[in-house]
Amino acid sequence: MSFSNYEQKVILDGYTLSGVQNVTASYGISEKPIRAAGVGFIDALIDAPLQGNLSITRTMVGADPFVEIDPMGKYIYDEREISGAIVSINDDQGFGFDKTRLVRYSVSCNIGEIPEIQTDFTVFGNLGRDVLAVEAIGKNENHEYSQFDGDKVFFHMNDYSVSPGFDLSPEEINDDSITFNRNKSEWNDGTISISSENYNSLNDISKVAQNMSLGGLYLALGKDAFKKELNFSSIQTKQSPPIKYPDQSSMSLYVSDFYIDAVTSFSYSRQIVLEPVYVIPRGSEFEWSQNFPPSRPNLEPIQVDTQYPIETDIEVTIIAEEYQIRQIKDRLTSAQKVGDLRIEIKDSLDGTIINKFTGKSVRLISESMSLTVEGEMSLTMTYKGYETYHNDIV
Amino acid sequence: MSKPFLRFEDAGIIIDAREILASKASLSISPDLNFDRRFDGFDPETCGEKVSFQNFKPNSGINGSLNIEFMITPDHFNLEGIDNSISRMFDIAAGMSDKPINSNIVGRYKFDNMYLRSFSFSVQPFSVISASASYDIYGSIERTVSKRISYNKKTFAHALKSFGDLTISGVVSDLEISRLKYEIQVNRARHHSIRRNEHTSINNSASGATPTRMSVDEIICRSQIETNEMVSNLNSFGDMQNNHFIKNDQDSSLAVFINSLEGKKIASFTCSGKIESQSTEISEGSLVKSVINLIEVIR
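So the sequence lines, in the order shown, correspond to chains C and F. Start counting the first sequence at 10; every next residue gets the next number (my numbering). Start counting the second sequence at 135; every next residue gets the next number (my numbering).
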């Protein structure tokens with residue numbers, strides 16, 4: 010089944026995201042070529058852990074959960090592991106991902122646009138179909154033997170082959186461990202239940218067979234007798250923020266460098282460098298001797314560390330009015346920090362703040378001037394700030 | 135156009151008449167030369183003895199070394215269907231043979247009289263496990279036709295399916311192992327029998343005087359374990375002493391179980407002994423990591 014653009018939802022850390030424009034998800038295997046003297050290339054073998062990437066582009070139509078701040082003033086998603094899924098509107102199809110970390114957050118806006126949020130994530134855990142989904146297995150009402158008038162119904166396990174004319178002793182028929190007998194009325198009523206483990210052990214096809222010696226007619230249920238459904242509704246645990254729209258008059262930028270010059274565009278981005286720590290699988294001699302897999306396969310990182318400082322880059326373009334571009338020598342001799350730079354984006358209706366972005370103790374690191382025959386002279390200033398693990402920079 | 139330089143793909147490596155899938159091999163041979171300087175009469179200018187250089191002279195027979203880095207495959211450690219039966223190429227054990235490894239070819243050169251000095255491998259997460267072996271060679275080399283290796287589909291030891299088990303002074307450790315290195319080393323004594331190498335005709339052979347026997351003096355196994363923490367309360371005996379009631383003299387041990395990427399068993403190695411040293415390092419840009427070194431005396 011395909012997903013049309015009207016039938017998709019993106020759920021992250023319990024929130025159903027608003028304003029999603031584009032989602033890209035991918036994963037890749039890193040291989041190392043094996044070459045041997047006298048042979049040359051032999052094979053390419055896996056050489057790094059599997060990691061996925063997720064990129065989401067949204068328009069800012071409400072408070073963004075990913076700029077939530079803790080009581081210490083730190084962005085909580087700098088250190089928090091999240092999970093989520095891209096699901097169909099009915100929550101019954103999709104693919105999920107877990108052990109995911111935010112690696113880049115950026116906001117950009119130009120005159121005449123609603124701000125755009127770009128978030129990139131790295132998936133260190135599992136990514137794919139069924140991940141995070143709750144599985145429900147029920148009767149397939151469209152099955153050929155949906156109503157069965159025979160004598161017995163049992164699970165058609167794949168280690169037990171049923172063929173027409175099969176023969177079972179009375180003891181075997183009554184032994185649940187052999188035939189997985191089930192109540193016929195449960196099957197006919199549709200109340201029959203089966204565990205995932207038993208379902209996975211079923212033969213693909215159901216069969217009806219007659220016991221030659223006892224004369225009974227039996228229905229051996231295979232996988233086709235059941236319908237496996239997934240549900241992602243349980244991962245939507247948080248209330249999404251209400252929809253709010255900013256406009257050009259409800260966005261403010263505060264910096265000590267200039268006051269009245271008109272801002273025509275800005276961008277704000279934070280790059281979070283992560284260091285995943287992987288370790289060697291742990292197991293015992295018993296597991297090795299019995300050909301068991303190790304008890305701790307360690308396929309996922311045991312620790313993912315954020316590398317500090319987190320760099321914040323802010324670029325502001327203004328129509329030059331009072332602002333004077335500095336001389337390079339001035340810049341070299343007095344590369345002063347300009348303090349905090351704040352961008353506030355408010356609701357155009359009631360003026361309440363939708364999102365607020367702060368560059369702490371930023372320094373102006375570059376200026377550029379642009380003149381064209383079609384517009385006013387503009388100046389672009391780039392500021393950089395650093396956020397630390399503790400001991401804030403002042 | 136002639137091709138005087140040998141290609142990597144044509145430079146097969148054969149040890150003990152068995153083909154090795156090596157990614158790197160370095161062979162070196164060197165005579166052990168000394169300078170023959172002599173007093174040579176009276177020098178009237180200095181009123182002293184004249185000293186003149188006569189010639190070079192060998193201190194001992196020609197010898198060399200071979201170091202190879204290779205991929206571990208099941209057939210290195212599986213003889214006649216028995217797992218972990220390490221073949222003589224990498225055989226370092228208490229009852230190991232003194233006999234030399236012959237019929238060796240590295241690229242265009244063949245040689246005999248080779249003795250294993252060390253075997254090591256390292257394991258790090260998600261990587262192919264590559265091993266190294268070092269050999270001492272006595273005698274010279276001879277040019278031969280280079281061999282291509284007839285490669286059949288092989289499986290390789292891989293950290294994805296291999297695993298380790300660490301016990302510190304008898305207690306199963308919960309330390310996380312981010313990398314480990316296992317090395318086993320043998321030190322040998324060289325023996326030359328009286329009269330065998332005395333005839334001057336021995337100088338007419340390139341290999342010259344070769345040892346009669348290389349006996350095994352000692353075998354030491356070491357493992358280096360990179361972990362998240364050091365062992366607390368390490369005592370002077372190399373054991374963890376966590377109580378004041380009874381002296382703990384239980385060994386620490388590292389077991390490494392090597393499987394191929396397909397999950398096929400290849401070999402297991404154990405280093406069981408004392409903690410020889412441990413260290414920790416705090417460095418800008420990385421996490422704090424510790425290294426624990428275990429030592430076992432096999433002989």
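Note that these hints are calculated values from the structure, not bench results. Incorrect hints may appear among the rest.
Just the calculated beta-carbon pair ranges, DEER-fashion [unchecked claim]:
id : chain 1 : residue 1 : chain 2 : residue 2 : range
1  : F       : 404       : C       : 346       : 15 to 25 Å
2  : F       : 366       : C       : 398       : 23 to 33 Å
3  : C       : 278       : F       : 417       : 27 to 37 Å
Backbone N, C-alpha and C define an ideal beta-carbon position, used for all residues, glycine too.
Q) Measuring from beta carbon to beta carbon, are residue 278(C) and residue 417(F) in 27 to 37 Å? A) Holds - the Cβ-Cβ distance for residue 278(C) and residue 417(F), about 29 Å, lies within 27 to 37 Å.
Q. Is it true that residue 366(F) and residue 398(C) lie within 23 to 33 Å of each other by Cβ?
A. 26 Å, holds
(Q) Quick check on a hinted range of 15 to 25 Å for residue 404(F) and residue 346(C), using CB atoms only. (A) This hint is violated: roughly 58 Å between Cβ atoms.
Consistency with the previously given hints fails for number 1 only.
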